[in-house]
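*Asks:* Start from chain A and add chains B and C according to the hints.
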Amino acid sequence: MKTLQDYIDKLNALNFREMYNKDFFLTWEKTDEELEAVFTLADALRFMRENNISTKVFDSGLGISVFRDNSTRTRFSFASACNMLGLEVQDLDESKSQIAHGETVRETANMISFMADVIGIRDDMYIGKGNAYMHTVADAVQEGYEDGILQQRPTLVNLQCDIDHPTQIMADTLHIIHEFGGVENLKGKKIAMSWAYSPSYGKPLSVPQGAIGLLTRLGMDVVLAHPEGYEVMPEVEEIAKKNAEKSGGSFTRTNSMAEAFKDADIVYPKSWASYAAMEKRTDLYGKGDFDGIKKLEQELLAQNAEHKDWTCSEELMKTTKDGSALYLHCLPADISGVSCQEGEVDASVFDRYRVPLYKEASFKPYIIAAMIMLAKFEDPSGLLKKLEEKGTPRKFD
Amino acid sequence: MKTLQDYIDKLNALNFREMYNKDFFLTWEKTDEELEAVFTLADALRFMRENNISTKVFDSGLGISVFRDNSTRTRFSFASACNMLGLEVQDLDESKSQIAHGETVRETANMISFMADVIGIRDDMYIGKGNAYMHTVADAVQEGYEDGILQQRPTLVNLQCDIDHPTQIMADTLHIIHEFGGVENLKGKKIAMSWAYSPSYGKPLSVPQGAIGLLTRLGMDVVLAHPEGYEVMPEVEEIAKKNAEKSGGSFTRTNSMAEAFKDADIVYPKSWASYAAMEKRTDLYGKGDFDGIKKLEQELLAQNAEHKDWTCSEELMKTTKDGSALYLHCLPADISGVSCQEGEVDASVFDRYRVPLYKEASFKPYIIAAMIMLAKFEDPSGLLKKLEEKGTPRKFD
Amino acid sequence: MKTLQDYIDKLNALNFREMYNKDFFLTWEKTDEELEAVFTLADALRFMRENNISTKVFDSGLGISVFRDNSTRTRFSFASACNMLGLEVQDLDESKSQIAHGETVRETANMISFMADVIGIRDDMYIGKGNAYMHTVADAVQEGYEDGILQQRPTLVNLQCDIDHPTQIMADTLHIIHEFGGVENLKGKKIAMSWAYSPSYGKPLSVPQGAIGLLTRLGMDVVLAHPEGYEVMPEVEEIAKKNAEKSGGSFTRTNSMAEAFKDADIVYPKSWASYAAMEKRTDLYGKGDFDGIKKLEQELLAQNAEHKDWTCSEELMKTTKDGSALYLHCLPADISGVSCQEGEVDASVFDRYRVPLYKEASFKPYIIAAMIMLAKFEDPSGLLKKLEEKGTPRKFD
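Residue numbers (our numbering), protein chains in the order written: chain A, 1 to 397; chain B, 1 to 397; chain C, 1 to 397.
Just chain A, with the same shape it has in the complex:
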C-alpha cells in the first residue's frame, strides 16, 4: 500500500455494512470480510497518522472506559484510539461512582451514555461473567437508543472478556500479517499457541482462546499446547476446529510443548489458568467463599510449579523453523531471571524479539480506532477520502 487511495480501494471491495451501529464482542461473530475491514482500516489510520493527516472524525463526544481489572497498555490503547478520532476519554471508576448504591447495569449504562460514542470494557476476571456483562450493557444502550433516551448509540468494544480478547489478538494478527508480508503468506504456516509456566496465578484464558478462534481462519496450522488440566473452553475449541476446516488450515491440540514448537513459524508461549479452575473460582466467588479461593490459589500455584519445564527456552526455539520462529506475546511477559526466577521465556529469547514485540503492541490503538469507525460510520472509506481532502495536519508544522 503506497497511498491512502489503495486502502480506500481495498475497503470498497469488502462487505462490512453489517458492522454499522453494532458492537465488537468476539472475532468469530464477524465475517472474514469484516475482520479484513478492521485490519485495512487500522492500516489506513496508521498510514494517515504517519503522514500527518488528522483522523479526527468527531468534533466532540465521549469514549467511556470501564476497567474491572488493572491495565496499562489496553487503557492507553483505548485512550489513544479515542483521542485519534476526536473523542475524550472518561473513565467510569466504579469506586468513585454510586454504582454500589444499588443501581442496575441497565441504568448505569444509560446514565453514562448521553454523549458517548463508544464504551470500552475490560472484564476478564470470572468465567461466564465478562462477556455477559458486556452484552447487558450493549442491550441497555440499544434499548435506550430505541426508546429515545440516547441521541446516539455508543458502540461497545470488548477490551478483554472471559472468552476473547479481540483487540489484542487482532493486533497480534496484524503484526504477523506485516511480518510475513501479507495475510496470504500466512496460509500453511504453523503457529504454536502454547501454555508456559508462570509463578503467578489466574491469568485469563482470553488470549489463547482468542488466538485459536482467529488464527484458524487464516489457513494456518494452529497447535494449542498445554499440560493436562489447562484446557481452554471447549466451545472455543469447537469453533477453532470448524474454522480450520473451512479455511483449509488445521487445529490440533497436544500436551507437549516440544511437539508444538517443532518447525513452527510462529510461537506464542503464555501462561493461563485452566478453564476448570477458573470455573471453580467463579463458583467460590459467587458463594463469597474467600477462604476457598485462597486455598484454590495455593493448589493452582502448586499445580503450575509442576510444569516449570514449559518455558520458551533457547533450546526449544532452536527446534522451530530455521531456528527462528517469530516469538509473540501480549505483554507483560514473565521473563526468567528478569521479572521472576523462572517464567514463560528465557531472557535472551525475549530480548532478541523485543523490537518486534513492541511493534506488535503498537497495532492495538489502530485496531480499536478501526472498530469504532466501522461501527459509528456508514461509509468509512468515503470518510477517509474526505479527511484526506480536508488535509488537517495532526501536528501543525
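Derived by calculation from the structure, the hints in this document are not laboratory data.
Accuracy of the hints is not assured; some may be wrong.
For chains that are exact copies, the list does not tell them apart, and a pair is met inside one copy or across any two.
In silico BS3-like links for lysine-lysine, alpha-carbon gap of 30 angstroms or less [what the hints assert, rightly or not]:
no., residue 1, residue 2
1, Lys10, Lys187
2, Lys56, Lys10
3, Lys56, Lys385
4, Lys242, Lys129
5, Lys386, Lys56
*Replies:* Leaving out everything else, chains B and C in the frame of chain A:
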C-alpha cells in the same frame, strides 16, 4: 421549536445579562427570566447536537471538577457539558493533591484556575458547609481575577450542595416542561415532593429543597410530605412560600404521603435525612466524634424503619390524577425487591416509568452547558447564530 | 513586548536548535540562549492566550503524566500546558496499571508512548532515583523511536526530580524577570535562598538546588543559607560556583539566615531535608528498613525543631533592601499560625505577598508549554507566525 432561530428569538426576548461573569449557586438567587434562559439555551444546545451542529465554543481550556462525594451521573453530566463546549475536564482529586499539606481554599482555587473556564463542585455532606465552601472558592477566583492573577474568571457551577441541587432540579423541571408540553401547562398542576423510606442513611436534603425552591415559581401546587422529624431547612420553606404567593401557585406541607399523592399530576418520592439530624451529624463531625456519628447513624436508621409505609406503591399511584401521575426521581432509586428489600418505590411502578426517568436524567448535561455558556459569554444568542453559520458537524459524516 | 512579532523577533535572534527532539532534565544542561528561548516562548504563549489567539499546535495526541508524589499545582500546570497545545492528558496511575506485574521501565515507556508527544514525570522522593528514572524513560523512547516502534518521539519534561525542579524554578525566574522589568535588571541583585523551619519532614532538595543552579547564571548575588546539617548536593554547589564566575555574579553559603537576608532584593525561605539525611533514607528504603525510616524521621523532626528561629519574620524582612525584598515561595508554604503553629513564614509577610506569589505560580503552565514546543517543533517562531495568521480564537466570541 422547529429551528435554531426559534430558540435564538426566545433568548433574545429574555433579560439574563446579569448572569455574565457570575456563578450558579441556588435557583432562587436567579430571576425567572434567567432560569428561562437556562432552559431555552439547554434546549437549543440539545437541538444543535441532534442536528449534528458543533457546539464547541472553546478551542482549549479546562473544566475543573471537585467531587467531595461519590457520583456517577453528575460526574458524567459535567464531563459531557464541558466536552460539548470544548473544555477538557480535569478532576481535582483531593487525595492526590497537596491540599492536606496545609494550603488554604483560596490558594488551591487560584492554583487550579490559571486555564479554567468553569469549576463544578459537589459538596453536600455537611449542613452549612457545602454552599459556604463554594462561595469561598468563587470569591477566591473573583479576587484572583481582579488582582490580575487569573487571565479569565472561571464560573462556578453548584453540582449539589447542602442547600440546593440546581442542575438536578432544573433537569427535572425541563423534563416536566417537555412532558407537559410547555412551562405554561404546569400552572395549577399538583406535584407531591414526598419523603420515602430507604434502608440507607444520610441522603442529602438538596433535592427536596431544590424542588420546593424552584417548582413553587411555576404556579404549581407544591406539596411537601414527610413524617414528623424529617423537616427540611426552614429558610428554604420560607422561600417556597414566598415563591408560591408570587407565582399564584401554592406551597403546603403535610405528614401524610396519601394526602400528597391524592390527585397529584406529578410525584417525586425520595428519601432524605432530616435537617436536624444532619446538623447534629455536622456538629459531631466537627468535634471528630466518630463514635457519636456511628451511634447517630444507628438511631436514624431505626427512625427510618418506623416509616416503611412511606413508599411509592401501586396502591398510592392509583390515587393520583387519573391513576397516572408522572413519577420523578433523581436516580438511583431504592427499588423494593430490586436494589433493596423495602425501599422508595415498587418495582412495577419504577419499571413503568423507566423510560421517562432516564430521559429526565438526559437533560442534566445540557442544563450544565447552558449555565456555563450564560456565565462565560456576553452574547450567547449571537454565539448560537455564529455556530449555526459555521456549521461544523459534531460528527464528521 | 507589544506585539507577537516582538516575541518572534526575539526568538529568531536565539540559538535553540539543539532543543529539537530533546528532553528537559536540568537547567544547567541547557545553554543561556536555550533558557532564554523558554522564557520568550512562555511569554509569547501567554500573550497569545491573553489576546484570544489559539495556541493549539496539535490536532490530536497525548500528554502522559507520571506523578510519583502528590501534586496539585504541577499536575494542573502540566494539564494546562498540554491542553493549550492540543494534547489530551492521560495520567499513568501506577496503582491502576500492570507495572507491578513485573515489566521493565523500558517496556512501560514504550507501551504508553504510541501516541504520546510528551511525558511529564514527577519523581523526587529518593536521592539518586528520580532523575535516573527519567533518563531511563527518555532513553527507552529514544530507542523505541529509532527502532521504528514509536512513530514520534515524546519529549520528556522533568516535573521535579531529586536534583532539580526546572519548571518551578524557571517559573519563579520568569516572575522575577517581570517584577524587575527584564532579566538585565537582575544583574547584581542579591537573592537569599534560605532554609526555613517547618514542622514537616523530608521536603525535596530540588527547589534550593534548582534556584542556585539557575539564578547564579543571571549575574545575581546568590546566597544559600541553612543551618549546619542541611547541606544540598555538593555537585550542584559546584555548578552554582562555576555559573557565578562565568556570569559575573556570586555564590556564597552561610549558616546565618540574618546574613543572607541583609540587604537582599529577593528572599526565598523554604524548608528542605538535608542531602545526607535523604541519602540515609534512600539507603534504608533500599534495604526495606521501615523501622529505620521511622526512627530517622523522628530524629530529623527533632533536628528541625532546633531551628525554629529560621523563619521569615517581619523582623527579618525589615533587614532586606529598603525593608521590602520580594518574597518568593513555590507553594504551599508553612505559614505560622495558619497552616501550622510555627512555620516558614509569618502570616503577615505571606499575606502581603500573596498576589505576587500567585502570579509567580501562574507562569508554570506557560513554561511547560514552551519546553514542549521547543522540543517538538523545528521552527517554533515560524509556528507562532502561522498561528497568528490563522487567528483561531481560543474562546469563540
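*Asks:* Does each hint hold? Answer for all of them.
*Replies:* Verification of the supplied hints:
no.	hint	verdict
1	Lys10 - Lys187	within (20 angstroms within a copy, 62 angstroms between copies)
2	Lys56 - Lys10	within (21 angstroms within a copy, 34 angstroms between copies)
3	Lys56 - Lys385	both (13 angstroms within a copy, 24 angstroms between copies)
4	Lys242 - Lys129	within (25 angstroms within a copy, 54 angstroms between copies)
5	Lys386 - Lys56	both (11 angstroms within a copy, 21 angstroms between copies)
No hint from the list above goes unmet by this structure.
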